[in-house]
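Engineer: Single-letter residue listing:
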Amino acid sequence: MTPLLDIKDLATVFDTERGRIRAVDGVSLNVAAGETLGIVGESGCGKTMLSLSVMRLLPANGRIISGEILFDGTDLLKLSEEEMRARRGADLAMVFQEPMTSLNPVFRVGDQIAEAIRLHRNVSTKQAWDMSVELLREVGISDPQKRARDYPHNLSGGMRQRVMIAMAVSCRPRLLLADEPTTALDVTIQAQILELMEELKRKNKMTVILITHDLGVVAQSAQKVAVMYAGKIVESASVENLFDRPLHPYTQGLLESIPAACAQGPDPKRRLKTIPGSVPDLYHIPPGCRFSDRCAYGFERCLREEPALTEILPGHQAACWKALEGGR
Amino acid sequence: MTEKLLEIHQLCKTYNVSGGFFHPKKRSVRAVDHVEMAVYRGETLGLVGESGCGKSTLARLLTRLEEPTSGQIFFKGADIFSFSAEELTAYRRNVQMIFQDSYSSLNPRQSALGIIKEPLTIHRIGDQKTREKTALDIMAKVGLGAQHARRYAHEFSGGQRQRIGIARALVLQPELIIADEPVSSLDVSIQAQILNLLLDLKKDFGLTYLFVSHDLNVIRFMADRVAVMYLGKIVETAPNFKLYERPLHPYTRMLLAAIPVCDPRRKEKSVAVRGEAVAENDQGCAFRNRCPYRTAICSEQSPELQEVDDQHFCACHLAGSI
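Just so you know, the protein sequences line up as chains A and Z, in that order. Numbering (the working numbering) for the first sequence: 1 to 328. Numbering (the working numbering) for the second sequence: 1001 to 1322.
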């Protein structure tokens, strides 16, 4: 099966006063139609810039310098701005983390959804309004006729995120990029939003890229996972393989540092496993493997040569010298 | 059990909110509603709840950053709201707070050493020289070296800033630390470092923690005893393992069911998670509109916290029978 989205060797750079940083540094990945790909990583690893690159919505000082983003065979990077605009919303749509800052505070939510619909479909204002009410019902907002007339500040955080999702799916996109869609929400609301996304995905046969720092969310929602570290993908596998047998020391460290993974109850000797140090500053990336300064296994080779993302087990790739040698 | 370090008795805090320019009618919101709770010396009490449940207001009342509408808080038997200025100073020396946002809670124009030293200056402990030494000692304890002493908040990473916040709280050698979401803005690998540090410090300094968090996994790791708060009320308190193994309150069960499990093969939810927390100013149980078990009595009477099992308290009319 050909993938719906196929990213090849993508590099996105930012020119800042302190110099150039490579926020996305040679990323290749693909998502098959109907699949949910989870992209996991800590803050600053480049996961948001990767998704903004796919949408071609980078901030003014960001630039894609190489690579291809093939969406159903078409390279999005070769499209004109006008052609890209026609695709955004209709073919691929995005849900952001902060529903309050991504909604316009001075328009009714119904009008905002209707605007998105009218941009892509030739319908009357009245029809677009009716469609947005219907969408609000679809995303589980009770009394949608009344809610459509509300302003964003009238709604709770969970409802705002439902509105954002309604807007994103309004033109039935084939690919939905969700960037930390539940991070600002309470855990009971998060569970409901994830369930809603799953339901919409199934109903609309959507493909989803879910960007998150929460491994629990990935375990529950994704079929495939890519782990990002300092602008690169360091491991990619099916969700079962990644959780059963993480190959990269960074993935292993992440999984072990979750409080839920440790001994149950208050054992006086309890300790969490940690990853020493902190995420590297993209201005000072260590030579060789980017994780080498925090890695428990660092060999001499790790300090000199950067490992490439290589298939180590069937369908399971990692960028690590140790995994390469030990996995065979 | 051991000595009660802190005792909270029928504590209430009501805020008046105006309905806005077009609706000048005032409403009142009960952020903390008849809270009854105790913290024992040497334990970590985890206080868990979702946003808006009143857990931060409770922490602010405990540090006397807010005055209560009614009710009392006793620290080692003394009512903290009737303290004289002098007694209040002594109380604040004994009860210190660690904040969530380490960036906005650190003075950007002071060096790390200056920030950590300041409580000693305020409380007039030691002279210039000994203060500096004490501050440097504490810095070493939280994993910051002398080379960090002259740096400013913006030069540190999030995890290091939280270490400064912890050092500042510890420098007065308090008995009780109130930690309000101390790790929720940190990445998971850094969060683990800070949680381990807090455990070590508790042992080294013989501390008592009131650990406030929305994260049930973090609370499970840290707490000896857990209190669950919902819309201003404590709905359940129990020793750690009892709460997680046999939760009694339907809200606690819903919370636990909502945590995404780090196991791709376990996707079934034991309890349906639905609804949002909406405060209703009436007599009934605050959770009833989300509760799958609600009966007639739930809308008539607010349930009291009662001991259902040994040390296991629950505020639910149906506790033990559902």
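No wet-lab data here; the hints were simulated from the structure. The reader is advised that the hints may include incorrect statements.
Sample of chain Z residues at the chain A side, in silico, Cβ under 7 Å [stated by the list, open to error]:
hint, residue
1, 1157
2, 1187
3, 1193
4, 1264
5, 1268
6, 1273
We treat Cβ as the ideally placed atom computed from N, Cα and C, and that holds for glycine.
Engineer: Out of the numbered hints, which ones does the structure contradict?
Structural biologist: Those not satisfied come down to hint 5.
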